[in-house]
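> Take a look at the letters that make up each chain.
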Amino acid sequence: MQDEPTPAELIKAVADFLRNEIAAEIKGHNAFKLRVGINALDLVTRQLALEQGSDAAEAARLKQLLGMDGALIELNRALCEKIANGEVDLQTPGLSEHLWQTTMDKLAVDQPNYASYKRELGNK
Amino acid sequence: MIEEQLGRCVASWYPGATGVTGAAKLSGGASQETWTFDIVHPSGNVGAILRRAPPGYGASPGRAAGLDAEATLMQLAHDAGLPSPRVMHVLKPADELGRGFIMQRIEGETIARKILRDEQFARARPILARQLGRVIAGIHGLAPAKLPKLREMSATKEIADLEREYRSFDWPRPVFELALRWLRERDPGPSQQVTLVHGDFRHGNLIIGADGVRAVLDWELAHVGDPMEDLGWICVNSWRFGEIDKPVGGFGTREELFAGYEEAGRTVNPDRVMFWEVMGTLRWGIMCCGMMQRFRQGPDHSMERAMIGRRSSETEIDLLRLLAPRGKA
Numbered sequence: 001m002q003d004e005p006t007p008a009e010l011i012k013a014v015a016d017f018l019r020n021e022i023a024a025e026i027k028g029h030n031a032f033k034l035r036v037g038i039n040a041l042d043l044v045t046r047q048l049a050l051e052q053g054s055d056a057a058e059a060a061r062l063k064q065l066l067g068m069d070g071a072l073i074e075l076n077r078a079l080c081e082k083i084a085n086g087e088v089d090l091q092t093p094g095l096s097e098h099l100w101q102t103t104m105d106k107l108a109v110d111q112p113n114y115a116s117y118k119r120e121l122g123n124k
Numbered sequence: 001m002i003e004e005q006l007g008r009c010v011a012s013w014y015p016g017a018t019g020v021t022g023a024a025k026l027s028g029g030a031s032q033e034t035w036t037f038d039i040v041h042p043s044g045n046v047g048a049i050l051r052r053a054p055p056g057y058g059a060s061p062g063r064a065a066g067l068d069a070e071a072t073l074m075q076l077a078h079d080a081g082l083p084s085p086r087v088m089h090v091l092k093p094a095d096e097l098g099r100g101f102i103m104q105r106i107e108g109e110t111i112a113r114k115i116l117r118d119e120q121f122a123r124a125r126p127i128l129a130r131q132l133g134r135v136i137a138g139i140h141g142l143a144p145a146k147l148p149k150l151r152e153m154s155a156t157k158e159i160a161d162l163e164r165e166y167r168s169f170d171w172p173r174p175v176f177e178l179a180l181r182w183l184r185e186r187d188p189g190p191s192q193q194v195t196l197v198h199g200d201f202r203h204g205n206l207i208i209g210a211d212g213v214r215a216v217l218d219w220e221l222a223h224v225g226d227p228m229e230d231l232g233w234i235c236v237n238s239w240r241f242g243e244i245d246k247p248v249g250g251f252g253t254r255e256e257l258f259a260g261y262e263e264a265g266r267t268v269n270p271d272r273v274m275f276w277e278v279m280g281t282l283r284w285g286i287m288c289c290g291m292m293q294r295f296r297q298g299p300d301h302s303m304e305r306a307m308i309g310r311r312s313s314e315t316e317i318d319l320l321r322l323l324a325p326r327g328k329a
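As they're listed, the protein sequences go chains A and B.
102 is the number that full-length UniProt numbering gives to position 102 of the first sequence; each next residue is one higher, with no gaps.
162 is the number that full-length UniProt numbering gives to position 162 of the second sequence; each next residue is one higher, with no gaps.
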């Protein structure tokens with residue numbers, strides 16, 4: 001067992017230091033790159049906090065939709081195949097809800113400030 | 001070093017020019033660079049831009065029209081009275097600068113967030129969509145006989161290209177599958193109208209001033225195909241930069257864009273435009289995935305490219321908003 005602090009705590013501490021102490025001192029193109037770097041660390045922090053829960057829920061939905069079991073990526077491959085060959089489509093009960101929930105969970109990690117995501121959060 | 005070469009080059013075709021100054025690289029991948037510089041002249045310096053593939057780089061990759069074609073298209077657009085820089089010189093082997101061309105530098109802004117928020121563009125924003133509609137119509141109206149050799153595209157070919165690229169990533173994305181299926185089922189077939197298509201008409205490739213559009217840049221993806229593609233591409237949500245209720249670049253409506261286009265004597269097919277907006281949204285999503293591939297495989301290991309890979313989910317939510325909208329928006 002690895003000891004504390006957790007990866008999420010460590011990354012958040014580094015991101016906060018870069019944001020609060022360093023960002024103001026960096027100019028030009030490196031200031032832009034630093035912002036991208038801080039965004040990347042924030043993304044990792046969100047993923048560490050949210051991924052387990054959203055992956056488990058996604059896998060449960062997929063098992064229900066597909067009537068099969070397997071690793072999350074295999075379930076997603078199976079769903080892709082069924083969409084590609086027309087076996088399931090937006091008329092299939094549960095597909096639209098599943099795609100929406102999965103996409104919302106991705107955006108919660110990738111880009112929670114994306115305007116379309118913020119709009120849809122208030123539009124369930 | 002580039003200033004010496006540029007100085008010799010400019011002296012060979014610009015009467016009275018004595019050299020160049022202030023050369024700075026604006027952007028550049030491995031195979032293509034853009035430089036800004038001033039031509040030194042007794043009657044006042046002249047701003048110029050060099051766009052080139054450095055010596056040692058041959059043909060342009062994949063979909064690119066090629067720098068010679070880009071120069072021809074820009075000049076044609078300029079001659080037709082469209083907002084386009086004048087091409088001053090097409091590079092020759094004797095210039096020892098590689099392949100490419102030198103054009104007039106046009107002052108203005110290309111960064112979307114500034115164009116959408118800064119006070120100096122407040123008067124331009126309400127007129128831009130209509131203006132751009134007229135400009136796109138002008139591009140589509142350029143005489144086919146004068147065009148350089150360009151790749152011919154159709155909706156069917158574009159769907160196949162996108163699908164091939166998506167499959168090459170070998171990473172399952174059910175929303176992209178849904179979009180591919182939607183596009184295949186609604187493929188409108190060959191367009192009745194086939195014209196020059198700019199191929200990348202959006203923020204970043206448009207120089208905007210306080211008075212509106214000043215120049216259309218970057219003809220790298222120009223091709224011949226369905227003119228509705230350009231109208232769909234500029235409506236893709238990724239170019240609205242947060243202003244999601246203004247479909248044209250975050251500053252205007254489709255109605256304004258279409259009105260400008262039709263004022264210039266051409267006809268809009270709104271269903272085809274919507275089809276190309278879906279195609280464009282998927283295309284940008286797949287391009288984001290491609291950035292992530294280059295991050296993994298490339299030597300530069302760039303953080304920005306890695307993070308663009310995580311923007312493909314933005315296009316997934318936009319595709320769902322287009323194809324499977326929930327309730328009332």
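Since the hints were made in silico from the structure, they are not lab data.
C-beta atoms are modelled at their ideal positions from N, C-alpha and C, and glycine is treated no differently.
Check the hints yourself; a few may be wrong.
Heads up, simulated DSS-like pairs for lysine-lysine below, C-alpha to C-alpha not over 25 Å straight-line [to be verified]:
(1) A:LYS118 x B:LYS157
(2) B:LYS114 x A:LYS82
(3) B:LYS157 x A:LYS27
(4) A:LYS27 x B:LYS246
(5) B:LYS246 x A:LYS118
(6) B:LYS114 x A:LYS33
Covered by chain B, per the in silico footprint, the following chain A stretches (three or more residues, Cβ under 8 Å) [claimed, not checked]:
(7) 44 to 54
(8) 72 to 78
> All hints, please: hold or fail.
Now for the hints, and whether the structure bears them out:
no.	hint	in the structure
1	A:LYS118 x B:LYS157	violated (35 Å)
2	B:LYS114 x A:LYS82	violated (44 Å)
3	B:LYS157 x A:LYS27	violated (45 Å)
4	A:LYS27 x B:LYS246	violated (33 Å)
5	B:LYS246 x A:LYS118	holds (16 Å)
6	B:LYS114 x A:LYS33	holds (19 Å)
7	44 to 54	violated (count 0)
8	72 to 78	holds (count 3)
Checked against the numbered hints given earlier, this structure breaks hints 1, 2, 3, 4 and 7; the rest are met.
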